[in-house]
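**Student:** Now for the letters of each chain:
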Amino acid sequence: MAEWNAFYQNEEADEEQEEGEESAVNYKVTGRDSLVFLVDASKEMFIKGEDGEPSNFDITMQCVRSVYTSKIISSHRDLVALVFYGTEKSKNPRNSFKHVYVYHDLDEPGAKRVQDVEALRGERGARLAADTMGSGEVSLGDALWCCSNLYSDIKLRLSHKRLMIFTCMDQPHGGDSTKDRQARTKAGDLKETGVVIDLMHLMKPGGFDVSLFFCDIVSPPEDESELGLQVEPCGKLDDLQKRVQAKQQKKRAMARLHTVIGMNVAVGVYANAVTARKPSAIRLYRETNEPVHSKTRTFHTQTGSLLLPSETRKVYGNRQIVMEKDEVDTIKKFYDPEIFLIGFKPMEKLKLHHHIRPSVLLYPEEQQVTGSSCVFAALLKKCTEKKVFAVCRYTPRRNYPPRFVALVPQREEVDESNVQVTPPGFNAIFLPFADDIRKLDTPQFPTASDVQVDKMKEIITKMRFKYRSDAFENPVIQQHYRNLEALALDMLAPESIEDFIMPKVEQIDRRLGPLVDEFKELVYPASYNPDSKPAAKRKTADAGGGDEKKPKVEIPEAELRAHIKNGTLGKLTVPVLKEACKQFGIRTTGTKKQELMDALIAQMAK
Amino acid sequence: GKREKMARAAKSALVLCMDVGFSMSNSPPGEEPPFDQAKKVIQKFVQRQVFSESKDEMALVLFGTDATKNPLDQDGQYQHITVRRQLMAPDFELLEEIENHVRPESQQTDWLDALVVSMDLLQKGKYDRLNIVLLTDLSTQVSSDNLDVIIGNLGKLGITLQFFFPFPMEEEEHNEEGGGGDGDGDRRGSSRPGVGKGLSREQKQGLEMVRDIMLSLDEDEGLDQVYTFSEAIEQLFMFKHIERRPMAWPCQLTIGSSLSIRIVGYKAVTDEKLKKMWITVDAQTSKRDDVKRETVYCLDDDNETEVQKDDTIQGFRYGSDIVPFSKVDQEQMKYKHDGKCFAVLGFTKHDSIHRHLFMGSQTIKMFAPKDDEHAGVALSALIQALDKLNMVAIVRYAYDRRCNPQVGAAFPCIKQTYECLVYVQLPFMEDLRQFSFPSLENKKFTPSESQLAAVDSLIDSMMLVEEDENGQKEDMYKVHEIPNPAFQRLFQCLHHRAVNPGTPLPTMEQWLKDALERPSAISERCQAPLEEMKRKFPLKAVEKKKELKTGAQIFEPDAKKSKVDEEEEEFNLAKISEGNVTSVRARGLCQQLTHRIEQLLSNRSTHYYMKCITCIQTFREQSVKLGNADLYNSYLQSLKKSIPNSGLQVFWDLLVQGMISLFIGEEKKEVETEPAVDDAGDVDDLVSVCLNSSALKYLMFVS
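So the sequence lines, in the order shown, correspond to chains A and B. Okay, so the first sequence: first residue is 1 according to full-length UniProt numbering, each after it adds one. Okay, so the second sequence: first residue is 1 according to full-length UniProt numbering, each after it adds one.
Check the hints yourself; a few may be wrong.
To be verified - As a list, the in silico DSSO-like pairs of lysine-lysine whose alpha-carbon atoms are at most 27 Å apart:
hint: 1; chain 1: A; residue 1: Lys325; chain 2: B; residue 2: Lys327
hint: 2; chain 1: B; residue 1: Lys327; chain 2: A; residue 2: Lys578
hint: 3; chain 1: A; residue 1: Lys112; chain 2: B; residue 2: Lys513
To be verified - Some residues of chain A that are not near chain B, with every Cβ distance over 10 Å (derived):
hint: 4; residue: Asn95
hint: 5; residue: Glu118
hint: 6; residue: Val196
hint: 7; residue: Phe299
hint: 8; residue: Ser373
hint: 9; residue: Lys382
hint: 10; residue: Arg393
hint: 11; residue: Ala434
hint: 12; residue: Asp435
hint: 13; residue: Thr461
hint: 14; residue: Pro494
Said to hold, decoys possible - Pairwise CB distance ranges (calculated):
hint: 15; chain 1: A; residue 1: Thr370; chain 2: B; residue 2: Asp468; range: 38 to 44 Å
hint: 16; chain 1: B; residue 1: Asp36; chain 2: A; residue 2: Phe299; range: 18 to 24 Å
hint: 17; chain 1: B; residue 1: Ser450; chain 2: A; residue 2: Thr384; range: 49 to 55 Å
hint: 18; chain 1: B; residue 1: Pro538; chain 2: A; residue 2: Arg157; range: 46 to 52 Å
hint: 19; chain 1: B; residue 1: Ser450; chain 2: A; residue 2: Thr296; range: 38 to 44 Å
hint: 20; chain 1: A; residue 1: Thr370; chain 2: B; residue 2: Ser352; range: 54 to 60 Å
hint: 21; chain 1: A; residue 1: Phe584; chain 2: B; residue 2: Asp311; range: 24 to 30 Å
hint: 22; chain 1: A; residue 1: Gly49; chain 2: B; residue 2: Ala541; range: 49 to 55 Å
Simulated from the structure, these hints should not be mistaken for laboratory data. Every residue gets a Cβ at the ideal spot worked out from N, C-alpha and C, and that includes glycine.
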């Protein structure tokens, strides 16, 4: 298998990209993704479940809201639309379709839209929906036609178009064959223009029979053997969200490697997880709040003329070792992009602590080389059976030094309702080089006695829980977006977040009860206090840290007056305005932004 | 606090003590003399230190030298030992000195004397670690007088000793994993060359003495610090041994409000990056100060009006909204936490943590503090209990107040000589990419029995871990023993350029090339199964279908075209277009030109961008000459449109920069005398194309 050799297409232009950011995908190149929610608004959707469970409409709105907010965080450039069908009233661009209500046309989701969807949730949401749209006749054909107009009205280049139908009616037209046919035709037209149609069918009494109508509407599955439809209809928000989430994220390969096992096998490389970060700030022009863009120019200090890259060279470190730019590239070049198989090792040889960066997933690219999937499937099966992983040398792109990876087989897993929870493929675990491993001086201690260990076992058993990788939200990012949301919507204070990674100390204490003291008695002598030393240290640090001092948000009077004069007071944030009110001794009962502004203007006019 | 600062300030000291005597230059024909190998070893030592800008100090002692230069030189004692360099931070001068002045000499010196001179050097100054590295072939008669005193002093001063010989100390003794200090005790491969046969009497006697010294310094692992020259050239672990230890992170592991255990964390594995960056300098003067980078802010209007940085404020995107959000407000409203923390959220089954969802770029090992036995026992109880229950702790980890908190798993880790917790970061919900892929359990892809059999035998033939005669598992390819080739290659090239300026870069060292290849034994064994695989699995590359030409794809690389000699073709095109050409021909030429530009652009490298700019400049000049600006303008128009989608912003910026001088330059007069060239209609086009204030001014003047 000389060469899991690769012919590699680099889709990203930026070759200078940091190695660590390898997993970040450059979306600029490929155009925008789009997603249309087409939601049934007929009466049946509003029927609440027994025991007061939320209606199908309600869980759909919750789901739409969560997609909106997650898009805002993870891919705000994507376009999203929300369209209702089976409504009483109509609202669409040319008002040419009856019973179709375009609630949001295709656009980037923003704060306002999140609020709009939020308003449609729950009891009150149902009333609002009844008032604004009502429920009426159903024509899925018209609805699909209207959606195709939404797509064609977009002037941007769309790379991925998806439409999701949410309904609990397996025969939306009650058996009207003309309407059924029209819907099928329109669905066909949409599919022809590259729109992928998914059905998110919801629970209904008597069960949802996909074969009655919808099997002809939805897009054929990527994989022909499978029906492409979730066999079971969705009853729970969790399930629905999972399904929508899985579908709405367009898979993007970070790299396509024509790997060769002495023969051509094509695989795509996908990120399993990418550290989500707070987005970087953008600069706005103070006067108008419009975004500005930056340009970086390189010029000669003496002559002031612009320097082209060919007129510069590279120097390393303090001592001037000069290299030409292309020499710097040559030094980084070892192999052409490829995955080169070294051999196999038993699974137990993969060490837990040998971790240097998040893994990636390999999946065959049958469209590039026919037969790839078969080789891949065979390797996957055999590696799983024999409990081995493959050691490979991995060169993801040109002028990129190699890393070694362990390819660990991962079999497909599906849940009760046949939704894929784990995709099939090889996880590529990055292996450390000698440089990455630090030498430690390991202290040696007596090991704990059985009694001590057993007591700890009791503690552990009391604190058992089922870990799920998607259970922890990042409080830093969530807080950031809550803050932005509050500012964008002129809310008084940001919605509070729940810090999921904070230990629930009280609950833990209650659960453990006397076990803690019993354990301490077994391991610590009476005089020993594990908190003493570091605690003392921490206190002094705290006192000197000055963290308690809040940064001053005071604004000079002159600046404030200038803002009032120019009518730009609104650009100041609520906390700044509040501080300004305090500063000038204004007592405000109101806390709304406008009220604060009015109070300030009134005060300054005195 | 204070303690950490002290730890950071402490330096270690190392004496490189190398035998350059007569016998070191002797070698059987065809083999590299020990001297050359030893010199490479010390060069590698020094290289690593210099390029990582280590503050640790180094001295160089040579013995077997013709001259004598050392502080102990008295009454005819300690002769032919030269202190080439006193303890100081290693620098390029040291590299140059080794390259040019360390050469074979003709004396023979007692290596024990050289060791004493080296020890003497280490007595000065304050260091947290003292190391001596001794490289010799042991060919000299040694006087064992005072050996006890020497050993006593080595121990008393806490000096770590490493020996390097051209031959292995003894027959390979098996070194099973788990014994080493960092948990990677399986560090030695089986590739020791040249078994210790045919050693001279002096050498055998020398080895005995080395064994005495090393075992009395460290009964258990002393002999681990004896290496061969070739090991030292190809592997890193001996360097690691003398390197400074990672910084301690003292904290408390807490379970609920009232159970805490004092712990200390150390980075055990981390994605190591180079410390230094490449800096851009002026090509002529090689001076950094001659190059200035400046960032300007522009409005998104047609003129790209520049605004001062002071006139800008900070904002963030919230979906389609842009929210002004000052640094001060951001600081005030951001998520805050209590700082340093290692708090258990709960415990969960080991197998519910997926290896492929490990996040971050490091693993941290948590121990009890060295002097705290009670913490040691408490932590041991936790580690043992987790291990027995096959569970892990899920913890909240925060390095300090400035760093964002993480969620992670603490795994129990039990080795022969120590126990610890291994901490790895786990993903947040926001980090996950929940893709679904078509099932491979598909009739179309299901491999046949014979196909599976082919894969089976391929895997068997390529197993890197095998049992030897003694039933011991032997791993013949340990990635964690390979030095990072990127560093090795860079150091090699930097070293070369530093000591041989003006000469081309060397090729990659053979040992490094070999280290990155499949072991030859495996390559041989897998030949036949591989052939079988090829027969059993038909594969066919899919012809690329003609896809719709979209903005992005215009610039897709096309493999067939790229082999033409660009320079020449470019020249020719310019030449052809110089003659008198009709407008019909101009159109054809224009097509050739734009085609050429697209080809060049597809290479996505600045080198080619510059060529493109020349092409476009030529295009413009020719258009001006021909009095036909339509083609040029519409081409530039479409090029501009495609920029955002093709990831060629860098190129466009360069082009815009390049065009400034073009417009203001000599062309001005030319166009003035030929006002017919740009008629009014074209001017608008051009203005929107060259979003550039100076171009705009000029063109308005023309019209």
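**Student:** What are the numbers of the hints that this structure violates, sorted from low to high?
**Tutor:** Hint check: 1, 3, 7, 8, 9, 10, 11, 12, 13, 14, 16, 17, 18, 19, 20 fail, others pass.
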